[in-house]
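Read top to bottom, the protein sequences are chains A and B.
Sequential numbering from 1 applies to the first sequence in the working numbering.
Sequential numbering from 1 applies to the second sequence in the working numbering.
Source of the hints: derived by calculation from the structure; they are not laboratory data.
All C-beta atoms, glycine included, are put in the ideal place defined by N, C-alpha and C.
Errors might be hidden in some of the hints.
Cβ-to-Cβ under 8 Å is the rule here; a few derived chain B residues that face chain A [stated by the list, open to error]:
1. Arg-182
2. Val-332
3. Thr-333
4. Tyr-334
5. Tyr-336
6. Thr-341
7. Leu-343
8. Ile-347
9. Ala-348
10. Gly-349
11. Glu-352
12. Ala-358
13. Ile-360
14. Val-363
For reference, the chains in residue letters:
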Amino acid sequence: MAQMNKWILLLMSIIIILPGCWGSNEVDKIGIVVGLGIDYVGGDSPILLTAQVVDPGAMESQDDSGPFFVITSEGRTFFDAIQNFTRHYPRRLIFSHNKVIVMGGKYAEKDVTEVIDYIDRDREFRENIWVLTAAGAAKEVIQTELAIETLPTIGIHIIMKEIQRTAFANPIQYYDFSNRMKGEMEVSAVPLITIVDRESKVNEQLAKSGEPVERTAFTTNKEISLEQTSIFKNRKKIGTIDQNASRGLLWLRNKLNGGTVIITGNTEEAVSVQITEGKTTITPVVNGDQVSMTIDCEGVATIREVEDDSDLGDPKVISDLKKQLEEQLTARIRQVIEIAQQELKTDFVGFGQHLYNKQPEEWRRLNDRWEEIFPEIAYEINVDITIESVGLITNFD
Amino acid sequence: MLNFFMKRNRKKEKMNENQTLEAGGESEKQLSNNLLENKVELENMFANCSDIYFRELAVGKQHTPCLLIFIQGMVDKDVINKSVMNSLMTCQKEVEQPDIEEIMTACMQIGDVQDFTMFRDMVEAILTGDSVLLIDGNSAGIRLKTSGWPKREVTEPVTEAVVKGPREGFTENINDNTAFLRRKIKTANLKMESFTFGNVTKTTVTISYIEGIAEANLIAEVKSRLGRIKVDSVLESTYIEELIEDAPSTLFPQIENTERPDKVAASLLEGRVAILVDGSPFALVLPVTFTQLLQASEDYYQRYPFATAVRLIRFLFTFLALLLPATYVAVVTYHYEMIPTSLLISIAGTREGVPFPAFIEAVIMEITFEALREAGVRLPRPVGQAVSIVGALVIGQAAVEAGIVSPAMVIVVALTGISSFAIPSYSLAFAIRVLRFIMLSLSAFFGFYGMLLGLLAVLIHLASIRSFGVPYLSPVAPFSMQDMKDVIYRSPWWAMEDRPALTGRNNRRRQKFYLKPRVPKTNKQG
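Just chain A, same shape as in the assembly (with noise of 0.2 Å):
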């Protein structure tokens, strides 16, 4: 009994000793950061972090002052940065609820490693917060305002989940950028953020159109915009996209949940058409040291306006349409291979993952050299769509 009693004693300090509420955080002695920026700056301190944080009383009583502040930390590493963050702001900072990590250009093009090691290593950075790049500083994108969203990274957040929908661009969560980095191939795609002065740019378009627009209190400066996708290699950066080009990534990855074609055919007016579903299959063939890729992209359209008054009851017409859409696409894909096979001459497009899935020998043997075959695969683009529906209505008359 008494050995029983020593027994107890002993898990008893034990559970009081090795946990115990120096661990703990009062909930109102954090500060919430839901978005994170790196930009490289040079210097002593080449790091520069900017952190959107939540402020929740302004959340609560919806005054004036804003419901986040941006506050910036410069450091010799990554780590250091963040723990400097310390020095001017009293709440400790938790990173469990950050929604979004923005990598300058500057810092995209010089090396990424760092970033990868840190958040891998950190047990707060959670594995699928959205993964961007910036054209220019991290910083602005971070501390541009959103609209509805009180705060302008959760919007991310929201656009990040939806754009699939749209198939605007290539959003990638941090595990699967992670993954890529550090895979076979060492190529990823993350989406691109331009900060753009829209309102001026819109109220330029009116005033030249002869209806101009006075700017109203309003409108708001500077707005995010996402188009194109960069391109990583070697945990660098080494180019970018453009927006078609990115919608043809979507395809070669398999990524496609939807997506709209505007197809202008022989004549002025164009047929919108909505994408909503697609399928990609790429097969690679080896002969040697040749290789060959056969894409079959397999999808289901439905008509979403017809600006001309062609006849959609009429099956030939449909079927033209179709064959439109069916070129249009496999000239998006085409340009995405082109870029990838000349410009860049990087493998983003997956070939070499396909081939590792499905060959995995014939990649063993090619993959030294595969920075030379790569632009040298020929291709061949089998779309094919199913106009599903025309909408509600056959004909506008």
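Mind docking chain B on chain A? Use the hints.
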């Protein structure tokens, strides 16, 4: 040191015995045949008892002196006047020299009449509200069952109200209570064994069970545990409960308390044993398991899908009652990453500017709530409502506005308070209310880690308790598939074919198999 204590205890024991003997005032004295002698003796014994009444009478043609003794207020005046006095007066003309036999058989217009010769029996009869007739020249007396005192009406049970189901509850009168059971279970196998406990109070305690369903072992065990009780008073059934339970130091009740005769009847039919105590509207039912304490009698009176749904909600809220404040404090102090961002931001917003740490805040609010609840029970009814409004306003509104507590905490405490009322058994709810504070402290100091350890400790403890030989967590642990029919879900009555295995193994079959109603065959053709 230990020796010293034991000696003192022994001394105490001796003292106790002396005291109880004195209080009982019993002796083996016989009645004298001299009426005056008996009267003097009685008057001495009941000196300074203004409520005892001696009525002197002269009975028979010889005008033999008689004495009618009773305690005012404990006898039914109508019975005394109309039956006792009237019959004595009418038989006056016929009886020559009255003796006990004759009076008993020929004169008394009253049902329950006994004779006695012992002085002790006479005192007991007087004290239980019967009246006693002594006749000069007889060394015996007659005990007349005339007891009748003000009683509370049969009312709806306060602690176990139902929407659908019988609405009568036990009263303080044990005869009424046994009659309730007898009216529900009309078999000679329903046994009622009565004992008297309490040297001073002489309280009737009745064990009730159904012979052939309840196990003989269990009945013997109950009797043996009751047998070792030597107390001076039993004023409520809890006196008995605390003297016979298995684990006296645990928070959890191991004997069920109920005000509902239908619940007791159902328990008896499951092979359990009930103990009724005179003067208490609460019957004890044993053995009991943890899951039975979470079953309300209404579960069996509503249709089974609804009963099952309600039962699931009850399970959920039992957990909330135990863990909600602890979870909240743990999340807010340690584990912010476990809740959605927007929720965290709202909570952080409400906590902004609150002067206390979440734990202190929770303790203040929980204790205030418990105090309000306790005050609500004690307060006179007309005041109660006013106080509960003030309490709600002050605690809820003003404290939040003053920035002393956060609105989120008010929600948590209110929800916890409501949840603890979802537990049907008041004594189990009490255990959970106390444990809540332990859980709260554990999670405040050690986060979810501490809370889980606490939960494990409670689970281990529950698994170690037995109630009259039945494991407290059965039929979940040890697992019995057959008895699961009435744990998480309530099976329809046509599927309740067997009694619970642990109490009803004497007589498993409750009803015919395959009682599920179905469409008659003739209808199918038509």
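Item to check | Numbers of unmet hints, in rising order | outcome: 1, 7, 13, 14
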